[in-house]
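J.: Quick note, the sequences are listed as chains Z and R, same order. Residues 1 to 243 (our numbering) are what the first sequence spells out, left to right. Residues 1 to 243 (our numbering) are what the second sequence spells out, left to right.
Among the hints, erroneous ones may be present.
Identical chains blur together in the list; that is why a pair holds if it fits in one copy or across any two.
[Claimed, not checked] Derived SDA-like pairs (lysine to any residue); straight-line CA-CA distance at most 25 angstroms:
#	residue 1	residue 2
1	76	204
2	186	144
3	232	160
4	157	228
No wet-lab data here; the hints were simulated from the structure. The structure presented is a predicted model; accordingly, all values stated were derived computationally and were not measured.
2 protein chains.
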Amino acid sequence: MTYCVGLKIDRGLVFMSDTRTNAGMDSISTFKKMHVWEQPGERVIVLMSAGNLATTQAVVSLLDERNKAVGDRHEKLLETPSMYQTVRLVGDTVKEVIAHASPDGEKADSYFNASFILGGQIKGSPPRLFMIYPEGNFIESTDDTPFFQIGETKYGKPIIIRAYDRAMSLAETVKLLLVSFDSTLKSNLSVGLPLDLLFLEQDAFKVGLNRRIGQDDPYYRTISDGWSSALKIAFSNLPDFPG
Amino acid sequence: MTYCVGLKIDRGLVFMSDTRTNAGMDSISTFKKMHVWEQPGERVIVLMSAGNLATTQAVVSLLDERNKAVGDRHEKLLETPSMYQTVRLVGDTVKEVIAHASPDGEKADSYFNASFILGGQIKGSPPRLFMIYPEGNFIESTDDTPFFQIGETKYGKPIIIRAYDRAMSLAETVKLLLVSFDSTLKSNLSVGLPLDLLFLEQDAFKVGLNRRIGQDDPYYRTISDGWSSALKIAFSNLPDFPG
Chain Z
1 MTYCVGLKID RGLVFMSDTR TNAGMDSIST FKKMHVWEQP GERVIVLMSA GNLATTQAVV
61 SLLDERNKAV GDRHEKLLET PSMYQTVRLV GDTVKEVIAH ASPDGEKADS YFNASFILGG
121 QIKGSPPRLF MIYPEGNFIE STDDTPFFQI GETKYGKPII IRAYDRAMSL AETVKLLLVS
181 FDSTLKSNLS VGLPLDLLFL EQDAFKVGLN RRIGQDDPYY RTISDGWSSA LKIAFSNLPD
241 FPG
Chain R
1 MTYCVGLKID RGLVFMSDTR TNAGMDSIST FKKMHVWEQP GERVIVLMSA GNLATTQAVV
61 SLLDERNKAV GDRHEKLLET PSMYQTVRLV GDTVKEVIAH ASPDGEKADS YFNASFILGG
121 QIKGSPPRLF MIYPEGNFIE STDDTPFFQI GETKYGKPII IRAYDRAMSL AETVKLLLVS
181 FDSTLKSNLS VGLPLDLLFL EQDAFKVGLN RRIGQDDPYY RTISDGWSSA LKIAFSNLPD
241 FPG
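Taking the hints into account, I'd like the entire structure generated from these sequences.
T.: Below, the structure is given as structure tokens:
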């Protein structure tokens, strides 16, 4: 499987993804699921993917290729006039790739399916965050739902729902994401380290923090060990059932 | 969906189940998913179910009917010589019901599927806890895996993994189960209050605690509100990402 979260805070957009792909328990490997297109001072676009690896790689390759090709009639990721046009472009590419791979054409339950989180900012507009479905359509985050998860979303969701606050600092947001990822890593073997972490600060128009977090990362170790103890203490502080 | 947990502690077996069944978002109702057969001083058997309601009701009805019928050649739930024979009897009944309902015979992915947690104690043997698959086969809990979950298992699993301890008191175990159920209730609308709680004390050979916990239960309210605050405090006590 996969676990990716894109989260909107007042200060910008934060992205985290794992790197494990698997075709069965006995065939696992490491692939980066976070892709960045940057034109410093003008725009940064981040795309995270879950699902069929051939599909997600094809989507990224097509976007990349068209972006570089001179004279290509396709719209280019670094030239779209708005984030809305950007997500439409990516959505159409997703639809095209899945339709091409599926013998019966594009279908919601195809084996070749994949879903995506797209976020970024283009000069002149605020940062925006989207989730793209295999059908190529998409939804945008709002104040009510300021984050998207794809892949193995369940284990790590309760803590995000409870601790998220849009006024959080980047340092608190990374802590929250690591707790959410740690719960998922402990419960589903198809989600694996290392993790990729990326921060787009509002109106910076360049990648801020971009870090890979592995097994030996001292902060990850602190959170992983600390959260288990913190949970146990929190739990023991609640009153026992009076019977 | 459904959420049921059966958990083994040194002091006995603890069971908790929700009561929501649904056929789509717009068709929900309340059904008890916990069934008890008791012969005080000699044995208590508890069965919890998840899956197709027609199947689970049929299994319980068949077990009940055969138990009461005079001269029936079928083995009876209150006469099996051991918990192992009991779980075989229930497993065979599950298999029979699903095979009867499915046009193509019993299959692992049938629409009529259901899974079960069975626990209890028969005089002369220790308490035992089993999980029964739709195929009618089953597994037993061990020291390594002292609990079983069926239905919507993911949201409530991390806290059980982290806080379970076989030496826990009943009061602590109920607290643990309520925290696990509360996380699930907050995340999946197809799991709903009220909850059924039952305790079989080791060597008591009768139902100990047997309680229904609803929205207004003061202890449930304490745990539900308290756990949110406790989590937030635990989270804020962890060190922030150093950047």
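J.: It remains to establish, for every hint, whether it holds in the given structure.
T.: Hints and how they fare:
1. 76 / 204: within (22 angstroms within a copy, 73 angstroms between copies)
2. 186 / 144: between (28 angstroms within a copy, 16 angstroms between copies)
3. 232 / 160: For residue 232 and residue 160, both the intra-copy (18 angstroms) and inter-copy (10 angstroms) Cα distances are at most 25 angstroms.
4. 157 / 228: Classified as both: same-chain Cα gap 17 angstroms, cross-chain 13 angstroms, threshold 25 angstroms.
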